[in-house]
Each structure stands twice: as C-alpha cells, then as structure tokens.
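Next come the chains, spelled out residue by residue.
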Amino acid sequence: MTPPVSPPREPDALNVRGLSHRFGQNLALDNVSLAVPRGAFVVLLGPNGAGKSTLFALATRLYDNVSGEIRILGHDVRRQPMAALRNLGVVFQSRSLDGDLSLQQNLIYHASLHGIPRREAKHRAARALAKVGLGERAGEKVRALSGGQARRVEIARALLHDPSCLLLDEATAGLDVASRESVLGMVRALVNERGVGALWATHLVDEVGAEDAIVLLHKGRVLFSGRGPALLALAEAPNLRAAFLRLVGSERAGAAP
Amino acid sequence: MSVEVASPRFGLAGYATCFAGIAWREVLRFLHQRERFLSALVRPLVWLFIFAAGFRQVLGVSIIPPYQTYVLYEVFVTPGLVGMIQLFNAMQTSLSMVYDRETGVMRTLLLSPFPRSFLLISKLAGGVVVSLLQVYVFLLIAYFWEIELPIIGYFTVLPALLLCGLMLGAIALFMSSVIKQLENFAGVMNFVIFPMFFASSALYPLWRIKEANPLLYEICRANPFTHAVELIRFAMYGQLEPVALAVVLACTGVFLTAAIYAYNPSKGMLARRGEAG
Chain Y
1 MTPPVSPPRE PDALNVRGLS HRFGQNLALD NVSLAVPRGA FVVLLGPNGA GKSTLFALAT
61 RLYDNVSGEI RILGHDVRRQ PMAALRNLGV VFQSRSLDGD LSLQQNLIYH ASLHGIPRRE
121 AKHRAARALA KVGLGERAGE KVRALSGGQA RRVEIARALL HDPSCLLLDE ATAGLDVASR
181 ESVLGMVRAL VNERGVGALW ATHLVDEVGA EDAIVLLHKG RVLFSGRGPA LLALAEAPNL
241 RAAFLRLVGS ERAGAAP
Chain D
258 MSVEVASPRF GLAGYATCFA GIAWREVLRF LHQRERFLSA LVRPLVWLFI FAAGFRQVLG
318 VSIIPPYQTY VLYEVFVTPG LVGMIQLFNA MQTSLSMVYD RETGVMRTLL LSPFPRSFLL
378 ISKLAGGVVV SLLQVYVFLL IAYFWEIELP IIGYFTVLPA LLLCGLMLGA IALFMSSVIK
438 QLENFAGVMN FVIFPMFFAS SALYPLWRIK EANPLLYEIC RANPFTHAVE LIRFAMYGQL
498 EPVALAVVLA CTGVFLTAAI YAYNPSKGML ARRGEAG
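In order, the protein sequence lines correspond to chains Y and D. Residue 1 is where the first sequence starts when you use my numbering, and the numbers rise one by one after that. Residue 258 is where the second sequence starts when you use my numbering, and the numbers rise one by one after that.
Mixed in with the good hints, there may be bad ones.
What the hints assert, rightly or not - Reference excerpt, derived from the structure (chain Y facing chain D, CB under 10 Å, subset only):
{"id": "1", "residue": "Gln93"}
{"id": "2", "residue": "Leu97"}
{"id": "3", "residue": "His110"}
{"id": "4", "residue": "Pro117"}
Stated by the list, open to error - Label-pair ranges, simulated between beta-carbon atoms:
{"id": "5", "chain 1": "D", "residue 1": "Val284", "chain 2": "Y", "residue 2": "Ala126", "range": "22 to 30 Å"}
{"id": "6", "chain 1": "D", "residue 1": "Ile398", "chain 2": "Y", "residue 2": "Val177", "range": "50 to 58 Å"}
{"id": "7", "chain 1": "D", "residue 1": "Leu497", "chain 2": "Y", "residue 2": "Ala130", "range": "48 to 56 Å"}
{"id": "8", "chain 1": "Y", "residue 1": "Asp206", "chain 2": "D", "residue 2": "Gly510", "range": "50 to 58 Å"}
To be verified - Covered by chain D, per the in silico footprint, the following chain Y stretches (three or more residues, Cβ under 8 Å):
{"id": "9", "segment": "49-62"}
{"id": "10", "segment": "101-108"}
Hints listed in this document are in silico derivations from the structure and should not be mistaken for laboratory results. Here a beta-carbon is modelled for each residue, glycine too, at the ideal position from N, C-alpha and C.
Can you make the complete structure from the sequences, with help from the hints?
Below, the structure written as structure tokens:
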C-alpha cells in the first residue's frame with residue numbers, strides 16, 4: 001500500500017472561511033473559519049447552541065450561507081453544489097435510517113442517490129457493513145438494531161460513496177458509554193485508513209483525544225483553534241475539561257438551544 | 258487511491274439510478290405500512306359501496322360524454338374516487354416532505370449531488386407510483402362490484418393518472434410549503450381536500466351544478482381537480498379530453514415550478530421562516 005501523497009496544494013477536505021449566518025436577530029455564526037485537511041480528525045467542540053448544527057446545515061445546503069464560503073475538496077458548496085456534495089458524507093444527529101427497511105435496503109437507497117447502480121451498490125453495502133461489524137445482519141430491519149448499531153450503519157452509509165470529507169454531528173448522542181467508545185474508535189480508524197477528513201462535532205470533552213486538533217465554538221464564534229496542549233496553556237487549566245469550563249462554562253447558563 | 262474524476266455515475270444513467278432508487282423506496286415504505294394501504298383503500302370503497310349506493314336513487318345521470326348509455330351513479334363516481342385516492346396520497350406525500358425537512362430522512366435526500374429540482378420531482382413521482390398501486394387495487398375491487406371499464410381503458414388511464422398525480426403532488430407541496438397553517442392533516446382535510454373534492458365534477462356532473470348554482474359552477478370549472486377527474490374519466494374510456502389535458506399540463510408546470518421554488522432551502526419561503534436548532 002502506498003501512503004496517500006499529500007502535496008501542499010491539495011485542497012482541504014473541508015475549508016470554511018469567514019462564515020456568518022443569522023436567523024432574524026440572532027447571529028448564529030459569526031465570522032467562523034476552520035479547516036479539516038484530508039486524513040485529519042478535527043473535533044468541533046462547543047456547548048449546545050454554540051452554532052455547530054447551523055454550521056452543518058450550511059455545509060449540507062439546508063440553508064444558503066449568507067456570507068463567507070464553505071469549500072469541500074476545493075468546491076464551493078454554493079457555486080458547485082454537485083461537485084461539493086459528491087465528496088461529502090454526513091452523519092446527522094437525528095436518526096435518519098428507515099426503520100421498516102433492512103440495512104441493505106437503506107444502503108442501496110443511499111447509493112442510488114449518488115448514482116451508484118444497484119449491483120455495485122450491493123457489493124459496496126456488503127463491504128461497508130462488514131467493515132462496521134454488521135455484515136451478518138444486512139437483511140434485518142433497522143428497527144431491530146440497538147442505538148449504537150444504527151449509528152454504525154449510518155457511518156457505513158456516509159462512507160458508501162467514497163467521500164473525502166466526513167461530517168458527524170453529535171454522532172454519539174443517546175449512546176451508552178461502550179457504544180460511544182466503539183463509534184468514536186471506528187471513525188478514527190476509518191479516517192486513518194482511508195485518508196478521509198473528518199469533522200466530529202460534540203459537546204462532550206471526554207471525546208477529545210490528547211493530540212486531536214480542536215476547534216472550540218461558542219456563541220457562534222471560534223474561541224480557539226489548535227491542539228490540546230495549546231488549549232490548556234490558553235485557559236491555564238490542568239486538563240481539557242477545566243479548560244473547556246473556564247472558556248465557555250461561566251457563560252453557559254441560559255444559552256439558547 | 259486516486260481522486261475520482263468526472264465519474265459516469267452522474268450522467269444520464271446516474272439520474273435514472275437515482276430516480277429508480279427514490280421511487281423504489283417510496284413503494285417499499287408504502288408496502289410496509291399496512292394501515293396506510295388499508296385506509297387508502299377503505300376510504301374510496303366506503304364512498305363506492307355506501308354513499309354511491311344511496312345516492313343512486315337521488316341522482317339520475319343523463320347521457321353525457323364519454324358515456325354512451327345511461328350509467329349507474331357508481332360508474333359515474335368511480336373516476337372521482339380515483340381522483341380522491343390520488344388527492345389524499347399527494348397530500349400525505351407532500352406534507353411529510355415538508356415536516357420531515359429538518360429531520361435526517363429528508364436531509365439525507367437533499368445530500369444527493371443531483372439537482373434539488375430533480376430530487377423533488379423524483380420524490381413526488383415516487384408518491385405517484387404509490388398512488389398507482391392504490392388506484393389499480395381499487396379498480397380491481399370495483400371490477401367485482403360490476404364497474405367494468407373497457408379493457409383498453411385500464412391502459413389508457415395510466416398516463417392520465419401519472420400526470421394528475423404529479424399535478425396534485427405539486428399543488429400539495431406548494432401549498433404546504435407556503436401556508437404555515439396547514440400544520441396537521443385535519444387542517445389539510447378542511448381547507449384543501451374537502452373544498453377541492455366537493456367543488457369539482459367528482460361527485461356530480463357539472464351541468465347539474467350549473468342548474469343549482471351558477472357561481473359554484475364557475476368555481477368548479479376553475480378547480481384543477483375537476484380537470485384531473487375529467488382527464489381520468491375520459492381516459493378510462495380510451496378518450497382524450499383536450500381541455501382537461503391542457504389545464505392539467507399547465508397546472509403541473511406552474512405548480513411544480515412554484516413548489517420547487519417554495520421548497521428549495523436556499524431560496525424559498527421556508528428559508529425565511531426557518532429556525533435551526
């Protein structure tokens with residue numbers, strides 16, 4: 001296996017520059033910039049209401065960004081949506097599988113949305129499900145799965161069309177500790193193995209690894225961007241939890257969802 | 258691994274795959290929801306078995322095209338009930354599209370790289386395919402109730418059904434995107450389905466209405482649903498009603514454009530009234 005070559009001018013998996021968005025009077029995102037290079041795992045850390053979901057909504061074109069730009073593998077989401085979306089995989093916070101359909105049917109449907117014909121879709125689905133440890137259960141209904149297993153299917157689905165950029169919005173929401181660990185570990189492994197750039201949004205400090213790149217979002221603004229040790233230094237805190245609380249905790253009370 | 262360049266996945270075959278996938282999922286989902294299938298069938302059958310049987314004594318229907326002889330009221334009302342099936346189905350499909358918009362299911366669809374207008378039309382068309390299943394099962398049951406169409410009619414009605422289904426879907430999607438008050442199905446029943454259904458030629462011939470109330474007659478003639486029903490009625494007998502076809506085509510075009518605009522997250526009404534979590 002040759003390691004993926006990464007010349008300096010290769011575009012980032014995700015690049016956000018000067019992004020602002022408001023809902024009525026409320027400025028949900030204020031001049032946000034961040035980058036997720038290919039093969040990187042970046043944690044988007046922020047309390048509820050920080051603007052993480054708005055950022056995801058804009059990146060997936062649920063709303064149009066009013067100012068600033070979002071590029072996926074160099075393609076502007078607004079101007080070249082086809083090229084941008086082709087390279088994007090997303091795991092949403094809310095459940096988005098069809099409970100009545102089987103795992104395989106869910107994946108085939110998703111593949112068709114990316115123009116992948118049925119026969120190839122079946123191969124890909126089998127491989128993807130095996131990868132997340134659910135190969136045996138392809139024919140079962142999604143309804144029969146546990147929360148953690150359903151999440152793993154959603155991750156398999158998000159990678160089905162070989163995207164370069166993977167967005168995960170609170171992907172461990174509602175999971176028990178063991179499932180959370182396994183989902184997080186799985187995404188980290190996939191990022192390493194496939195050279196995908198992943199943006200992992202969470203409000204849980206314990207999901208941040210010591211060496212992870214962190215973007216700290218609060219009230220729509222980027223408070224910090226860098227590695228863990230630099231964050232500790234900035235907040236003058238002994239650990240990440242203390243640093244997080246010091247930077248955002250004092251103002252948390254009454255934060256709007 | 259190399260970066261993928263302009264793959265054939267997004268050519269014409271890709272569009273076909275995408276469309277087939279969306280329609281296939283609609284059908285699968287529908288088949289899994291037995292209650293929905295049942296209620297979609299029971300509703301027109303109640304009208305046919307009970308209402309029409311009682312009404313037959315009250316209302317004589319004279320010979321009007323496309324009928325060549327006196328027909329029983331049940332025969333007259335059948336195209337109207339077929340229209341009703343499509344109307345309900347269109348409303349259900351479109352309402353779910355609007356209210357699922359923020360949840361993962363609809364967002365997953367909108368993540369597809371194909372143009373949004375194509376995705377929305379495919380989704381509406383998927384709903385139409387579901388309505389076809391309902392209609393043909395209904396016609397089969399009606400056949401044993403001695404409502405027999407000419408054999409050719411079962412085929413010629415198909416394009417009419419496709420077109421009418423798409424028109425009703427577009428109208429429904431447009432209205433539920435724009436009018437915020439249509440929050441639940443009860444509101445839709447009161448303000449959309451009932452007025453469209455009753456102020457049309459579904460239950461009684463228009464000349465009857467003209468005798469009773471000229472104003473209502475004009476309203477009925479302006480109702481797109483009337484033209485959908487007439488298109489279906491004539492198509493059931495292998496005939497084409499040009500005025501109905503023209504109106505249905507025009508309405509499909511206008512409402513489809515408006516619905517796509519109203520629904521499109523980046524441009525439409527929803528973006529302005531939207532509020533993210």
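Hint check:
Taking 10 Å as the C-beta cut-off, the interface hint given for Gln93 (chain Y) holds, the closest approach to chain D being about 8 Å. Residue-level restraint check for Leu97 (chain Y) holds (minimum Cβ-Cβ distance to chain D is 8 Å; threshold 10 Å). Satisfaction of the interface hint for His110 (chain Y) is found here, the shortest Cβ-Cβ separation to chain D being roughly 7 Å, below the 10 Å cut-off. At about 5 Å, the closest approach between the beta carbon of Pro117 (chain Y) and any beta carbon in chain D falls short of 10 Å, and the interface hint on this residue holds.
Taking the beta carbon of each, Val284 (chain D) and Ala126 (chain Y) are about 23 Å apart, inside 22 to 30 Å as hinted. Separated by about 54 Å at the C-beta atoms, Ile398 (chain D) and Val177 (chain Y) satisfy the suggested range of 50 to 58 Å. In this structure, Leu497 (chain D) and Ala130 (chain Y) meet the distance hint of 48 to 56 Å, their C-beta atoms being roughly 54 Å apart. The supplied range of 50 to 58 Å is met by Asp206 (chain Y) and Gly510 (chain D), whose beta-carbon atoms lie about 55 Å from each other.
Taking a C-beta to C-beta cut-off of 8 Å, the segment 49-62 of chain Y contributes 6 residues in contact with chain D, enough for the three needed, and the coverage statement holds. Only residues whose C-beta sits within less than 8 Å of a C-beta in chain D count toward coverage, and the segment 101-108 of chain Y has 3 of them, enough to reach three; the restraint holds.
Hint compliance for this structure: no hint is broken.
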